[in-house]
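Peer 1: Sequence:
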Amino acid sequence: MILILNRRGPDIQQQLQSIEIVPNFYVTFAVSVLCLRGHTQMQPFIDENGNIFLWNGEIYNGIQVKPEENDGEVLFNYLKQCTNLEQIRQVFITLDGCYAFIYFQKQTNTFYYGRDPLGRRSLLSHSLSSINDNIRLIISSVRLNLSESKTSLMYNELDAGIIYTCQVKSNQTFEFDELLFRTLTVKMDYPISDSISSLNDIVDSEQFQTVSETYYSLLRSAVECRVTNLPTLCRQCKRDYMKNELNYKVNLRLKNSCPHSKLAILFSGGLDSSVLAAIADQFMPENEQIDLLNVAFYPDLSNKTTTVPPPDRQTGLQALMELNTNRKWNFVQIDVDLNELKCLRDEIIKDVIYPCSTVLDDSIGSALWFAARGIGWIDKQLYESTAEVLLSGLGADEQLAGYSRHRTTFRKSSWNGLKIELEMEMERIAKRNLGRDDRVISSLGKEVRFPFLDEKIVSYLQTVPVWLKV
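For the sequence shown, position 13 (counting from the first letter as 1) is numbered 13 according to my numbering, and the numbering increases by one without interruption.
In short, the hints are calculated from the structure, not lab data. Some hints could be false.
Said to hold, decoys possible - The list that follows gives simulated cross-link-like pairs (lysine-lysine, DSS-like), each with its CA atoms no further than 25 Å apart:
hint, residue 1, residue 2
1, Lys456, Lys431
2, Lys380, Lys328
3, Lys412, Lys469
4, Lys80, Lys106
5, Lys106, Lys169
6, Lys350, Lys431
7, Lys342, Lys304
8, Lys431, Lys469
9, Lys469, Lys456
10, Lys456, Lys66
11, Lys80, Lys169
12, Lys380, Lys304
13, Lys80, Lys66
All chains, full assembly: derive it from the sequences and hints.
Peer 2: Listed below in structure tokens is the structure:
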């Protein structure tokens, strides 16, 4: 039951089993941790009063977290001071970051749980199991099934930006509630005219220059805070470090000399991933390698040399030529044939994308899984990415009308129709994209970060007229 959860956090796995909340009602807390920030801290967090906190996320703004501190531990200290839902809500209103959490407050026997306002971390719920009447509620990042049952449990993906509560009154009595604590997808009203100036006039306008400069400044800051708090060790060196944790000299050498990639970018060569690479280059030490993960699907890899490369491979190679030549970029060519795709889709991918299940979910989920796995070729040499942090360009097209369907909408419904379409994109991005992407990438023990979905960027773009955004 817990194995799929443990894959998400290869560094620490811990369980608190059969904690009696009220007479004859028991709860198990299970957590797996990927250690990326601050000192290594065991989870679940628990204090002397019996409060318990499970944290999956990164805090970038809102409460001060020093580089050497663990953000989950800092947040737990704030939550312990809260006595009611409104006070807890006020804590989360201040946070900028991607996260999911479960907090048990012993004094009131209440569980609080939820996702960040955009849903950049997955959180699912299963309640009142018909398979096992003893199971009242499961809250988990991924679908967990009962080991004694061959039937899969059904889960719902929790809405983003909501604090859910479950107060345990007795072993048969539960009170559920929920409270919206923050939304970033506000519909903005600004006058729209079909007689907007030509593109050339807009580009040359002072208003457009101001918007461009503000947006670029916000994006640089979003990338900076996501690439400057990387772990000092890559995945492989971290494993070696843990094996030799009692050998001070070995550990000191590893910490001071890890030459491998700590950052990877999901790199199609499109505008969004190319911009992320160019900005990340400005903030990463020049001697640090950066992996560019580029996936291509082939009907048959044995005929690869006689097959025209897929579009993403061509654009990826073209974009690579435009990047800083002083940096060592590892352009990882991840080639997948249909047989391998079918096999791993059936064995792994269909489970980790759940509850998403459309053909599009399967297609995107498969591409993400192979990219995040990071096994491919560099100059005909087999290579496996050592980075545990991945940057994704998701959110750029959804906010700036980058999909072909947006052009179709504009032709049919002009600016107002496009404005409504972009609002819909952001309203559904949590359930349609972000939870799925987190489940896929985290299933490989890695973390994905979304600079284009930084809170300040999303909030700012809501105020920008649609004809300036596109």
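Peer 1: Holds or violated: Lys350 with Lys431, Cα cutoff 25 Å?
Peer 2: The hint holds at about 16 Å.
Peer 1: Is the straight-line distance between the alpha-carbon of Lys80 and that of Lys66 25 Å or less?
Peer 2: 19 Å, holds
Peer 1: Tell me if the straight-line CA distance from Lys380 to Lys304 falls inside 25 Å.
Peer 2: 13 Å, holds
Peer 1: Holds or violated: Lys456 and Lys431, Cα atoms, limit 25 Å.
Peer 2: Satisfied, since the Cα-Cα distance of roughly 21 Å is no more than 25 Å.
Peer 1: For a C-alpha distance cap of 25 Å, please report whether Lys469 and Lys456 respect it.
Peer 2: Distance of about 15 Å is within 25 Å: holds.
Peer 1: Holds or violated: are the alpha carbons of Lys80 and Lys106 at most 25 Å from each other?
Peer 2: 10 Å, holds
Peer 1: Run the distance test for Lys342 versus Lys304: straight-line Cα separation, threshold 25 Å.
Peer 2: Holds - the C-alpha atoms of Lys304 and Lys342 are around 18 Å apart, at most 25 Å.
Peer 1: Are the Cα atoms of Lys106 and Lys169 separated by 25 Å or less?
Peer 2: With a Cα-Cα distance of about 12 Å, the restraint between Lys106 and Lys169 holds, given a limit of 25 Å.
Peer 1: For the pair supplied as a hint, Lys431 and Lys469, confirm whether the alpha-carbon distance does not exceed 25 Å.
Peer 2: Distance ~24 Å between Lys431 and Lys469 Cα, so the pair holds.
Peer 1: CA of Lys456 to CA of Lys66, is that 25 Å or under?
Peer 2: Roughly 21 Å separates the two Cα atoms, so the pair holds.
Peer 1: Given the hinted pair Lys380 and Lys328, is their alpha-carbon gap at most 25 Å?
Peer 2: 17 Å, holds
Peer 1: Going straight from one Cα to the other, do Lys80 and Lys169 come out at no more than 25 Å?
Peer 2: 21 Å, holds
Violated hints for the displayed structure: none, as all numbered hints are satisfied.
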